[in-house]
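There are 2 protein chains.
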Amino acid sequence: MNNLLIEKSTFPSSKKNKLFYETLFHVANGYMGVRGSIEELPIHPGTYINGVYESVDVEHAEPLYGLTYKKDTIVNIANIQGLEIFIDNEKIDFEKCKVLNFKQTLDMKNGLVYRETSYLSPNNIEINIKTERMASYKRANIFLFSYSISTNSTKKIKVKSYVDNKVSNYVKKNDPRANHKQLAPIEAQFSDETTLHSKIKNSNIKIKIEANFFSKLEKKISYNLNSICCTYENNERIDFHKIVEISDSLRKIKKTENLDINENTLKKEQTEYLNNFWKLSRIEIGGDEKLEKALNYNLYQLQQSKSQDSFAHLGAKGLSGEGYEGHYFWDTEMYCQPFFTLTNPKESKQLLMYRYKTMKQAKDNAIRLGHKMGILFPWRTISGNECSAYFPAGTAQYHINSAIAYAIIFYYHCTNDKEFMINYGLELLLEICRLFFDLGNFNNGKFEIHEVTGPDEYTCLVSNNYYTNVSVKYDFENLISISKELNYYIDENEINNFKQAYKKIYLPKSEKLKICLQDDSFINKPIWDLEKTSDNDFPLLLNHHPLELYRYQVCKQPDVVLANYLYPQYQNNDYIENSYLYYKKITTHDSSLSSTIFSIAATRLKLGEEALSFFGNSAYLDLDNLKKNTEEGIHTANMGGCYLAIVFGFAGLEMKNDLLSLNPTIPNKWEYFSFSIIYRKTKIKFKIFKNKIEIHSENEITILLNSKKYTILGDFNETI
Amino acid sequence: MNNLLIEKSTFPSSKKNKLFYETLFHVANGYMGVRGSIEELPIHPGTYINGVYESVDVEHAEPLYGLTYKKDTIVNIANIQGLEIFIDNEKIDFEKCKVLNFKQTLDMKNGLVYRETSYLSPNNIEINIKTERMASYKRANIFLFSYSISTNSTKKIKVKSYVDNKVSNYVKKNDPRANHKQLAPIEAQFSDETTLHSKIKNSNIKIKIEANFFSKLEKKISYNLNSICCTYENNERIDFHKIVEISDSLRKIKKTENLDINENTLKKEQTEYLNNFWKLSRIEIGGDEKLEKALNYNLYQLQQSKSQDSFAHLGAKGLSGEGYEGHYFWDTEMYCQPFFTLTNPKESKQLLMYRYKTMKQAKDNAIRLGHKMGILFPWRTISGNECSAYFPAGTAQYHINSAIAYAIIFYYHCTNDKEFMINYGLELLLEICRLFFDLGNFNNGKFEIHEVTGPDEYTCLVSNNYYTNVSVKYDFENLISISKELNYYIDENEINNFKQAYKKIYLPKSEKLKICLQDDSFINKPIWDLEKTSDNDFPLLLNHHPLELYRYQVCKQPDVVLANYLYPQYQNNDYIENSYLYYKKITTHDSSLSSTIFSIAATRLKLGEEALSFFGNSAYLDLDNLKKNTEEGIHTANMGGCYLAIVFGFAGLEMKNDLLSLNPTIPNKWEYFSFSIIYRKTKIKFKIFKNKIEIHSENEITILLNSKKYTILGDFNETI
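Keeping their order, the protein sequence lines are chains A and B.
Residue numbers for the first sequence, in this note's numbering: 21 to 740.
Residue numbers for the second sequence, in this note's numbering: 21 to 740.
The reader is advised that the hints may include incorrect statements.
Only part of the chain A face toward chain B is listed, based on derived beta-carbon distances under 10 Å [unchecked claim]: (1) Gly86; (2) Lys91; (3) Leu389; (4) Gly390; (5) His470; (6) Ser483; (7) Leu560; (8) Leu562; (9) Glu568; (10) Arg571; (11) Glu718.
Because the hints were derived from the structure by calculation, they are not lab data.
Everything numeric in this text was worked out from a predicted model, so none of it was measured.
Positions of the beta carbon are idealized from the N, C-alpha and C atoms, including for glycine.
Chain A extracted, bound-state conformation (with noise of 0.2 Å):
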């Protein structure tokens, strides 16, 4: 297995590739977060719990009614790997010291990040240092450093580790996406030895940090209300090392785990819990070893980022970096979310159970956009309450909340988890619903739905999103089925007024060029020529005002061929292939989670090499810092796309009438690719060779390959 290995020997010189490492190699358990920072020449050493928040203003240049005037914001709530070198009592200052030797490492079988560096000071002692770090999956709270410092000189060394809560969340300029604010985010209240207690500012959320440190030489603690640190002194080499627990008042604080566990104890959990995620969530590229590590390290990410209750959420940066401020956008749902529900169904359950718990937030965000029934979801939340201050391309997104309707859906197709949705999925859909038919009117015998942004942010505010409506449709036509499988009522009135809504919602096409539209005035614009649009021109929202965008026919990412990937049911064939044509040709795929879907669109057309270069380079988007901004964080919502373009894409994996369904294309240069999953309880193993497929199932199962249906139980191979 050391396919899950990722290794970096390049030492990161500037400044920019030390927060890129940073984020690479940060290190969370969905709890919390702790960038990778080289940990004596740190840049930004951030901590972040997910949840917790800092409440900040937002200014409006013109302040009009209802707009967010309060927003939230991921907090760096302490530095817990502060690290200081001396020899002879003198501080080194590694800035000044050359790189003899560098390898950081993330260990995705066992959950560390280790790091060996080697330095030569001026005055020719040569240093190493290695380290290793893990965030206990198990115990959430607690977070392991392990240190060996060593040199070739019989001079004293003396080390400090530390913890220290002054800090800061990042600042960076003249990046419009990067809107950070200097936060000072807590106040120390009181301490007591090894303990530090603060608050969050505004949201008032305190903190906890405890610290421990263990090692067979003799400690010196110092303590005062920011700070813990431990001295140690020896001749030639100094080993120890640190647990440290952190809890907050979101959850409770209190006294989680005894700091004295052995290191040992935690590595081999640590080992055991991934042994079990890997035996499910493993991809295998045959054929492509560099490309199957890629994609394996997006779903570590995935595992990382993922809060292991629903205090919390999956941030669209993890908890990597303060990157679009921590938010949770309607990515997780779409992009993100379905990985858990077919590998772990009951991690899947907890992101919707965060969501029921912020229906209050949602129903009052619902009320303040003068809806008379409903809730609708926060475009961007870490509590639940709506944080987008452009609300063209942010508040305007309805469809986040037919995101979060489809992932209840495909959630519950694949467990058949009844009970979850009586008592909560109904409920959910039900409002989600209520809120939509509010939000449309019957115009001509058709049901619209009028100024509203589909995920596509280069056209904003328009009547009739295609992605919108057809969405709409579907969570119309589940919610009607569903409740009616499981007695869960529902006004009949009301349920007829959802009928006719799902029956007459508009879907627009052109009947000339046999497309879907993606709204009312889109076909009508000028295309946007972006054969004659220089490279340094991308992305286009970073070099062209608003206005101009949106009067172009031009994507950022295409709603259209989203929508015909996930809602193909409501659309003839011919009309998804046209419109994957049409839109392939402008589309800038200036955002994220774009090609992705692309790919996943080219295999069911059967395009298995252009489905293979849309994949392109997506799974390497933050191992080799792509997008040049993986310094504030990795991109989960392209993780996740890289999942469903193997998944859906490429195995063609579907539901139809409950039945599985498999169609795969494979791309010339892998021989084979496989995957696991689990549905309605039952673990299948699926590997897809170019002319079989095997098929290994606990239980029996029926499943249509190709269109053909099989029942498999145990194992099963065909030819195809």
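Following the hints, position chain B against chain A.
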């Protein structure tokens, strides 16, 4: 002519009322404006110079590419009306005095505001204050104050009269339309006796204020960097006057006047000036003196507000306050400018020259928005740079270009000023048409315009806004015809482009309802239930999120009705009538620009009483503070709108193929109404009775009267 006196004899006790009076009685001459504070009890005694601004940062919650990051703000440059009164060296606190008597008067015949106030002090001394003030129309830099202060006691009176430039703008919270910021606008640089020099921080505009004091009494002058103070002492009575000269570096800082000028000379010049003004401008309403007075108040305010030179324009609040940050909008051209074009074409031309002088900024604005040619005038500005922060209801209102085109064309039709057209007007028109040609696109044989906002801000970013499209048609047509008429060279290909666009421009309409459609999607939206909307829900923009407003058929002011008043030649009469009836039902008149337009539309449909009903209280909007925000400044557009309603509405004035046409409608309540215009250098006076019309023309002129042609010279009488 005592119908040219505006009086208030109720003392404004509350702060809000004091602010209201300060606006109502502000004194301006187009160059400078001074709020009409009660000197001894001022709330915001602001002084403004037309065109003088500070440049302030605009913070956007989501800083997208190309937004405006700087904006102009009108600056309160000084308090020039400072007054303190002492009795026996004890300063009188007028807050603690009882008001015995109060009268404040605007004398529009003589161009003065005077006030008499008697107080009873806590120790029972009666104090009488008489003040008089004027901004000289003839000497734009000169402001005159006269004071007479007396008591019924023998104790010594001391008066301090001062000018103070350490002032700031007014700060008011909680109104999204009044986004004032505290400015510390000016930094004193150096001073010499009785002269203050200062500089506005970021705009770098310099201001000079000189004050001279005159009395039979001996004066004591004290001064420092920020103030000039003159002290008089006497028993029983103090009379003095103060002449303040203000100049600025936008124009030229120089000593323009001898400040020893005789007070009476100034007043005599002022009366002469206004005598000429009223000869041309006065409106009479037989049988409704109150209305007549209000209308003339409104015209007087327009005259006070309009810049005397082309360094500045005419703000939405004139020079009366800081509302809308002192910005100039499209309203000037569409609502206010016809008054000047018809009564004082030279002053109208100055307004056009201001726009001509800011073409460079309009070019930059077009480039910012991605246009390859043409100019786009800013939605709101002082300096000529775009200052609108919320672009969907700001910059997206491209129709401002057409408003300026309309003003040029109307000016040309009324004056036949070929020289202006050849040197300036056609260049402006050509650049405006270039912008619109670049903005639109041909689609299926139609010339369409996408992603603009019409005058009705309750629907934003729409396709084919009827108002915008029809106005662009007019612009193209006039550029083509006037450039041909005047042999103005335009490349043949370009003219052909404009001809195609003119012919093919799409004017959306419903064949079924026989109405013009506000835009492509408007009619598909549900109708807002105005009957069920409670009174305190208006204006809707202060109580509803934009997304909610945009989703309904509901108008702040109706685009279509305005379009059909301005551009009736492009529409059939039944569509005009049906549109009026349709949009009437869904218009809130939340904009002060709405009712008068409906009034005009009603007269066109010969609905005289309905026209009067729409005209309704418009004339009293500021006099009676009907919008409850006159304290922030007068509503110049509404004032202009009242004039339009008289001349283009009730009188039914139109220009038809170079002929003046009159089509009067007189409400039952009126005996007659009269007004004068200058048409192609000929002064014509109209007096319209119920059954007859009297016309007096200085030169021979042909007029269409109720579609019948008459040639008129001198007096003319006709039964109607």
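Against the structure, the hints:
1. Gly86: Holds. Min distance 3 Å.
2. Lys91: Cβ of A:Lys91 sits 8 Å from chain B, so the hint holds.
3. Leu389: Where the cut-off is 10 Å and the nearest Cβ of chain B is about 5 Å from A:Leu389, the hint holds.
4. Gly390: Because about 3 Å separates A:Gly390 from the closest Cβ in chain B, which is inside the 10 Å limit, the hint holds.
5. His470: holds (5 Å)
6. Ser483: holds (4 Å)
7. Leu560: OK, holds: A:Leu560 within 10 Å of chain B, min 9 Å.
8. Leu562: holds (6 Å)
9. Glu568: holds (3 Å)
10. Arg571: Holds, about 4 Å.
11. Glu718: A:Glu718 check fails; min Cβ-Cβ to chain B is 49 Å, beyond 10 Å.
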